[in-house]
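Asker: Required output: the full structure, derived from the provided sequences and hints.
Line order of the protein sequences matches chains A and B.
Okay, so the first sequence: first residue is 76 according to this note's numbering, each after it adds one.
Okay, so the second sequence: first residue is -10 according to this note's numbering, each after it adds one.
Don't read these hints as lab results, they were simulated from the structure.
Mixed in with the good hints there might be a few duds.
[To be verified] Here are some chain A residues pointing at chain B (derived, C-beta under 10 Å):
#: 1; residue: 80
#: 2; residue: 84
#: 3; residue: 88
#: 4; residue: 112
#: 5; residue: 114
#: 6; residue: 264
#: 7; residue: 265
#: 8; residue: 332
#: 9; residue: 336
#: 10; residue: 341
#: 11; residue: 344
#: 12; residue: 351
#: 13; residue: 355
Please read all numbers here as calculations on a predicted model, not as lab measurements.
For every residue, glycine included, the Cβ atom is placed at its ideal position computed from N, Cα and C.
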Amino acid sequence: MKPPPFDYYAPASAAEALELLGRYGADARLLAGGQSLVPLLNFRLSAPAVIIDLNRATDLAYIKEETGRVRLGAMTRQRAIEFSPLVKSRLPLLAEATRWVGHLPTRTRGTVGGSLAHSDPAAEYPAVATALDAELVVRGPAGERVVPAAEFFLGLMTTALQPGEMLVEVRLPALASNSGWAFEEFSRRHGDFAIVGIAAMVTTERDRCRSARLAACGAGPVAVRLRGAEEILEQGGLGDLNINAAAARAAELVDPSADLHASVEYRRHLVHVLTRRALKRALERARGGGAAPLRS
Amino acid sequence: MATGDGKLVGARMRRVEDRRFLTGRGTYVADYLPARTLHAAFLRAEHAHAKILAIDAAAARASAGVVAVVTGAEMAPLARAMVAASTMPGYKVTPIPALAAGIVRYVGEALAAVVAESRYLAEDALERIGVEYEPLEAVTDASAALAADAPLVHEEAGSNLLVTREFACGSFDPPPPADLVIKERFRFHRHAAIAIEPRGCLAEYNPGSGELTLHSSTQCPGLVRSALALHLDLPEHLVRVVAADVGGGFGAKSSTYPEEVAVAALARMLERPVRWVSDRREDLLTTSQGWDEIIDAELRVNHDGTIVALSADVIGDIGAYSVYPWTAVIEPIQVVSFMPGPYRVPNYRARARAVATNKAPTGPYRGVGRPPAAFAMEGLIDRAARRLGIDPVELRMRNFVRAEEFPYKTATGIVWDRAGFIECMKKTCEALDYPAARAEQERMRAAGRLIGIGFGSYAELTGIGSATPAAPGMRVPAGTEAATIRVDPSGTVSAIFGVASHGQGLETALGQVVADELEVPLEDVRVRFGDTAFTPYGTGSYASRGAVLGGGAAILAGRVIRDKTRRIAAHLLETEPAALEAGGGELWVRGGAGRRIKLRDIAQAAYAGAKRLPRGMEPGLEATVFYDPYYGTATPATHAVMLEVDRETCAVRILRYVVADDCGRVINPLIVDGQIEGGVAQGVGGALLEEIRYDEAGQLLTGSLMDYLVPGAPELPNVETHHLEAESQVTLGGFRGAGESGTIGAPAAIANGIADALAPLGLEPAELPLTPERIFQLCARSGVYRLATGLA
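Answerer: Laid out in structure tokens, this is it:
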């Protein structure tokens, strides 16, 4: 478990990194927190000629609030997100999801950009980005472009990033009023990849559901938005029966595959269970129930 | 720190080795790096069963930094294949080559070695070796391997059935009449021991002296030394094996491995130090695994709960080789040997078959045979209790061997000395507040929750001596251990043992025994082991023997030293030995004010010789004494768990965990608690998480710790432990072994707890681990869920 040889660069800024990326193109891999890439290298499943280490590009690590949204630099550590008061108040769904990302030592290294760009089907951040219609800011030889989450995650560990392009920022909408959120996850052990995770956000208007946002991870090749379930809530409201109906619909909308830990049927079952749990907790919060206790 | 009577044995003392371990000053194999060391990496088989037609190593030999590439064919003249011999009738041998030549028998088997200036360069070169395989049909299921037309793992053996052992006690023709017959097929899957330090070794060969030294992460330096001498054709006195600090073993480091032989052969060939430290991938592929049994069992009981008869038919999947030196006999046969457990079973019939397959070998793993045995037996008892409407505790109490029946000879010939079988159950129930726990369960059940209470009772034979082979039929001499105690000229003490520690705290525990015997403070005692150059011969630490055999030897050697010390002191103080009292490294004349002498002055006299010693006394203050406990002793325990199955996610959460054991006189409660908790952790892993899985072609699916799941702190309960301390009457010091105890009870208790939780749904699982997926499938098949729509 030693990596094959590679050339190593440690640029001090995003601009330098982009220049290196332009020079080496498909021969290069970007190293962010290294929580996925380093094991791949050590197992010799990935053998890039060049590693461009972004850990010294400090201009890529920030959390900034703008009107109605929060911008996170791609190299912002998961731990910085976990402990950010701004994230806690403005992006509470991301804060809650972060608790499920690996373990504290891995979150100290792991970054938001690394997780999004890796697009692991079981990872929490792509689900949050998908649920909240995040904007992903991509920089490349042709300049900068903004890709909506719905167009960024294309498939199993595949994104809309083109050769020579780099994810530099993610923009997430700040919490609206009368809204509640919840991230529910089931994993074999604390800190493991999700068997299934559900990101939920509901906004109420008196007794009605003004908007519902639901996304699942671990239930398909890529994080999936559960629009059909959202519609049930937006049309029929947030009563128990309707929440059940939406959860049942969610289980039909996913396309999970089986692995060592869970069968297709079990994953579908968990999508149902966790969607219901997530919606109930989100609704409680939207109604001002405060911080409903997390189940773990 | 000491106990009330000033003794150290029995005191809850912090471990002296922990300062070293916790500050990163341990010396593990990877910490030792002599000058000019070369690094080995092994090319490992990609196929579970294949002929090796050709190996092209030219490109690898030309690769940067490579010193040598050695194939199996090239290794064969340098190292003999290891043959684990057995006296068991009909046993078939399976020679283990240092490097596979001609054929590979499991994925991960080493077939070539690269030796290079660094591990990185060695791994680069591995990728440049071309192997032409002719894949053969692999057999990965033990039942299938028994078929007449099954592919043979070892052609020369003529069969995949390596050994069969049958027991019969009482009459089964016809089976004894009973009111109720319980039948079940239990499945206990394959586990990995996952020592935190993976296997590794470093060999040095001195062509000047002809001495070979192997530093190895092993539990059994004495056995490895004998094995290297035999298989490398070296006289044993020119082989030295060093196991300085070892980061866990759990039985999986008690066998001698082909890599140890290969690395030693490479160092001898190249006349340079050669190091190999396995990575976690290699560890999961090649370190001997545990269990993997199918147990078809039948229990016959009467209406009053009395056990009438038990029968068991066990198929053990032992993988591709019979491990050296324990053989493939050890694991499956221990299952049937210990299946009757702590109960009176008047009629017992059993058969165990060890079957070869194209998977990594299984070998000893903490508990050896007994975790699956207890899982099956305790599962049968709970099934009987449910059918008969008798409380499971009461049913056990009616069948435990009673106090007046000790020593009790079981149907398989094991002799239980007097131990607290019944008392462990009583203590567990008392600690759990059993009636209150049942009432709580009823309340929670009424609220719709799936709550279960499960018990696991068992008895283990520990500290076995020469009357009982460590592995049935094994030819290696075991059953004895020695201690050398040497009082240094300054009065400090070196105590040297053949048993070796791999994290159990033996440095402290044996130090406490020695300090008490010599009546000196613990800080004056240095316990040493793990180097055959200075230790007496011993086979190492396994089978819960370290405290019993090491402690017994320490007492014997300590008595010799204490006796001599007193005689010298009496001579110097001009009194009789009987008039002396001792403590704190000093002796004094009882009632004789001021007449005292320090151990240091006694040692000075001892080494000064005849001038200061009693007439005729041999100079020196050192003794080596061997100890053989002959039969060994019983260590019983009862584990109890209260747990919840989440009826939606199918996850299991442990609410309470209680253990009461009888490990005899406890040397250090802190260490024994740690042993029990660590064992329970491995048992919880086996019950809920851990399972080595192969696909049908024999490819390992659980090749990393992302797929092979071991419990971490969040997955583990607080373990409440209680020690009964019924001193063994048959071992020196009254010690009973405790090393394996925790692992044996946990799978049984947890399986029973889950079955109890699921009883309202009519489910009775018989396969471990009970993963959420398995519980889901049980529920789904029974119609608890309407699939894809959640709960019914």
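Asker: Find the hints from earlier in the document that the structure breaks and name them by number, from lowest to highest.
Answerer: Hint check: 2, 3, 4, 8 and 13 fail, others pass.
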